[in-house]
Amino acid sequence: MKTVTLKKVLTTSILLSLLLIVVILLSVTMGSVRIPPLRSIRILFQSILGLTGAGSETERTIILSLRLPRAVLAGFVGAGLSVSGATFQALLRNPLADPYILGVSSGAAVGAILAILLGLGTFSFGLPLASFLGALLTILVVFYFGRQDGRIHPNTLLLAGVIIGSFLSALIMFFISVSQREELHTIIFWLMGDFSFSNAQAILIIFPYILLGVFLLYLRSRHLNLILSGEENAVQLGVDVEKLKLISYLSASLITAASVSVCGLIGFVGLIIPHSARLIFGPDHRLLIPSAALLGASFLIASDTFARTLLAPVELPVGVITAAFGGPFFIYLLKTRKAIKTL
Amino acid sequence: MIEVNAISFRYHKDWVLQDVSFWVEKGEFVGVIGPNGSGKTTLLKILYRLLTPQKGEILFDLAPMKRMPRADIAKRIAVVAQETQLLFPFSVLETVLMGRSPYLGHLMFESEKDLEIAKKAMEWTNISLFSERPLDELSGGERKRVFIARALAQQPEVILLDEPTANLDIHHQIDFLDLILSLNQERGLTIVMASHDINIASEFCDRLILLRGGRIYKIGTPEEVITKENIELVYGCEVWIDQNPVSGMPRISLLKKGGH
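Keeping their order, the protein sequence lines are chains E and L.
When we follow this note's numbering, the leftmost residue of the first sequence carries the number 1, and every step to the right adds one.
When we follow this note's numbering, the leftmost residue of the second sequence carries the number 1, and every step to the right adds one.
Don't take each hint at face value.
[Stated by the list, open to error] In silico BS3-like links for lysine-lysine, alpha-carbon gap of 30 Å or less:
hint	chain 1	residue 1	chain 2	residue 2
1	L	Lys-55	L	Lys-119
2	L	Lys-113	E	Lys-243
3	L	Lys-75	E	Lys-2
4	L	Lys-75	E	Lys-7
5	E	Lys-8	L	Lys-119
6	L	Lys-120	L	Lys-26
7	L	Lys-13	L	Lys-75
8	E	Lys-243	L	Lys-66
9	L	Lys-26	L	Lys-119
10	L	Lys-218	L	Lys-55
11	L	Lys-218	L	Lys-66
12	E	Lys-243	L	Lys-13
13	L	Lys-113	E	Lys-8
14	L	Lys-55	E	Lys-243
15	L	Lys-120	E	Lys-7
16	L	Lys-75	E	Lys-243
17	E	Lys-8	L	Lys-120
18	L	Lys-228	L	Lys-218
19	L	Lys-66	L	Lys-55
20	L	Lys-13	E	Lys-2
21	E	Lys-2	E	Lys-335
22	E	Lys-7	E	Lys-243
23	E	Lys-7	L	Lys-113
24	L	Lys-218	E	Lys-2
25	L	Lys-75	E	Lys-8
26	L	Lys-119	E	Lys-2
27	E	Lys-7	L	Lys-119
28	L	Lys-13	L	Lys-55
29	L	Lys-256	L	Lys-228
30	L	Lys-13	L	Lys-218
31	E	Lys-335	E	Lys-8
Just so you know, these hints were derived from the structure itself, not from any lab.
Turn these sequences into a full structure, and let the hints guide you.
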């Protein structure tokens with residue numbers, strides 16, 4: 001019987017977690033300094049056990065302080081953006097919705113630019129914190145204008161998000177064109193998505209929000225199935241729709257805010273991963289949310305690994321990779337959709 | 001069972017329903033008829049509290065509906081709406097299982113018992129054969145049956161139907177209505193159906209509510225409501241009314257202007 005059961009969710013999650021672990025292991029062995037896979041794995045496992053036998057000091061630093069944090073961060077962001085994208089697609093009933101659709105990312109960018117202009121960008125904490133605040137402020141403004149008489153109307157909210165996002169984009173362009181300061185070049189890279197300034201602190205800042213957001217959304221995954229066929233449909237089946245919308249929109253926005261604040265705008269992940277997961281695992285959010293999270297994490301870690309190794313020592317913005325690999329893969333899935341369905 | 005007491009409702013400035021009162025007995029098959037914009041759909045939406053009237057109240061088994069939790073309403077009242085959006089289509093079985101949602105509460109997954117109930121509902125509505133098919137591959141008639149099955153999986157006391165026969169050919173219309181009638185007569189389900197088709201309403205309903213501009217113009221048996229005077233006044237067009245030669249129920253024929 002092809003319905004989603006707890007067993008099916010667990011099996012799928014375990015399989016996709018294995019994939020994720022393989023991707024992480026591959027990711028830490030690859031880079032400008034080649035460390036053989038087996039040695040990397042030994043270094044990883046020994047560090048878990050608190051030992052330091054394997055590899056040289058440099059190799060341990062490269063793996064444990066540079067590549068592993070970067071892979072973990074990319075994993076969190078990939079998972080977060082995928083779940084956020086899937087949620088926005090369901091709530092707005094729009095297959096083109098992505099995590100940035102409500103303008104949250106532009107607010108984060110403005111926050112980041114202000115941090116750089118005020119000289120806060122030098123603190124390892126300053127930039128992500130400022131852009132997170134910028135994103136949160138944007139969420140508040142968008143929801144203030146997007147709600148009418150205590151209700152969220154998807155179209156009004158969407159319109160508020162798009163308009164506020166455009167306004168903030170204009171601000172970004174204004175800052176970039178009037179400022180002569182060199183740091184603003186960072187911003188351009190940041191706007192295309194960049195993990196190069198990731199560190200353990202960045203992970204600590206974002207992971208509680210992404211975890212909390214994904215958890216809250218997963219609790220509502222059954223009700224997200226019902227709202228997929230319209231709000232009236234969900235009410236007919238006993239869902240408190242306004243509460244569902246408020247919590248889900250805010251959770252998805254919070255995930256986006258946390259992700260954007262540490263690595264900028266990474267396009268495509270939040271769009272193609274939910275659709276790919278839907279094509280493979282079906283539209284039920286109880287299976288879709290965990291599978292999209294795990295697939296998104298693997299996908300973004302792999303993309304980031306390519307971004308830093310393809311033209312090493314030159315690093316590409318990860319957004320270039322996600323679009324270049326994700327686009328054709330998605331087209332392929334669309335074309336073979338029938339084959340997938342009958343599996 | 002359902003008691004509607006002097007309700008008035010407006011979306012914005014103008015009243016869409018005004019001072020509407022009626023009751024529905026347990027096991028009755030009630031039809032709501034009236035021209036476009038007379039408030040039929042709005043009335044149904046108020047009956048399952050998608051909309052809350054600004055004035056008046058609705059009692060369900062003597063308890064005010066205003067204070068009933070949403071899930072409790074969904075356990076007692078099921079709705080089959082005109083059309084549902086199919087963005088990322090679920091399979092037939094998945095859709096029918098959604099009818100168990102009000103019973104699940106905080107549980108994430110349906111139990112064996114829920115699956116059993118859903119399968120029964122699919123047998124009654126004769127859709128077990130295509131339980132794995134995605135909804136968007138079904139015909140309009142089959143899809144209607146799926147939503148009836150979902151409504152049955154809710155194990156409700158009342159089913160609200162909004163224009164159930166729109167877009168169906170006569171074969172599927174009669175199939176569908178016979179199914180509804182058997183649910184009404186054999187399972188004692190209370191049915192409230194809004195319809196544009198006066199002949200169907202006359203044939204299948206015990207009582208009719210005729211709406212005109214948001215007010216009740218007439219309530220009664222089909223014989224009392226479907227008269228030449230009532231219909232011509234409310235709908236504003238000329239009609240001929242006689243009896244269905246088989247059932248003896250009032251039958252309406254349309255007349256073109258000045259053609260006779």
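Pairwise hint evaluation, Lys-119(L) against Lys-26(L), where the allowed Cα distance is 30 Å at most: Holds - the C-alpha atoms of Lys-119(L) and Lys-26(L) are around 26 Å apart, at most 30 Å.
30 Å limit on alpha-carbon distance, applied to hinted pair Lys-75(L) and Lys-243(E): holds, 20 Å
Straight-line alpha-carbon gap Lys-218(L) to Lys-2(E), limit 30 Å: Status violated; Cα separation ~49 Å.
Hinted pair Lys-335(E) and Lys-8(E), Cα distance within 30 Å: With a Cα-Cα distance of about 26 Å, the restraint between Lys-335(E) and Lys-8(E) holds, given a limit of 30 Å.
Please work out if Lys-243(E) and Lys-66(L) have their alpha carbons no farther apart than 30 Å. At roughly 17 Å apart (the allowed maximum being 30 Å), Lys-66(L) and Lys-243(E) satisfy the hint.
30 Å limit on alpha-carbon distance, applied to hinted pair Lys-75(L) and Lys-2(E): holds, 25 Å
Does Lys-55(L) sit within 30 Å of Lys-218(L), going by the straight-line distance between their CA atoms? holds, 21 Å
Starting from Lys-120(L), check that the Cα of Lys-7(E) is at most 30 Å away, please. holds, 24 Å
CA of Lys-13(L) to CA of Lys-75(L), is that 30 Å or under? The hint is violated at about 33 Å.
Between Lys-120(L) and Lys-26(L), does the CA-CA distance stay at or below 30 Å? holds, 23 Å
Take the C-alpha atoms of Lys-218(L) and Lys-66(L), compute the straight-line distance between them, and say whether it is at most 30 Å. holds, 27 Å
Would the pair Lys-243(E) and Lys-13(L) pass a check requiring their Cα atoms to be no farther apart than 30 Å? Cα-Cα ~27 Å, so holds.
Of the numbered hints given earlier, the model fails hints 1, 7, 20, 24; all others are met.
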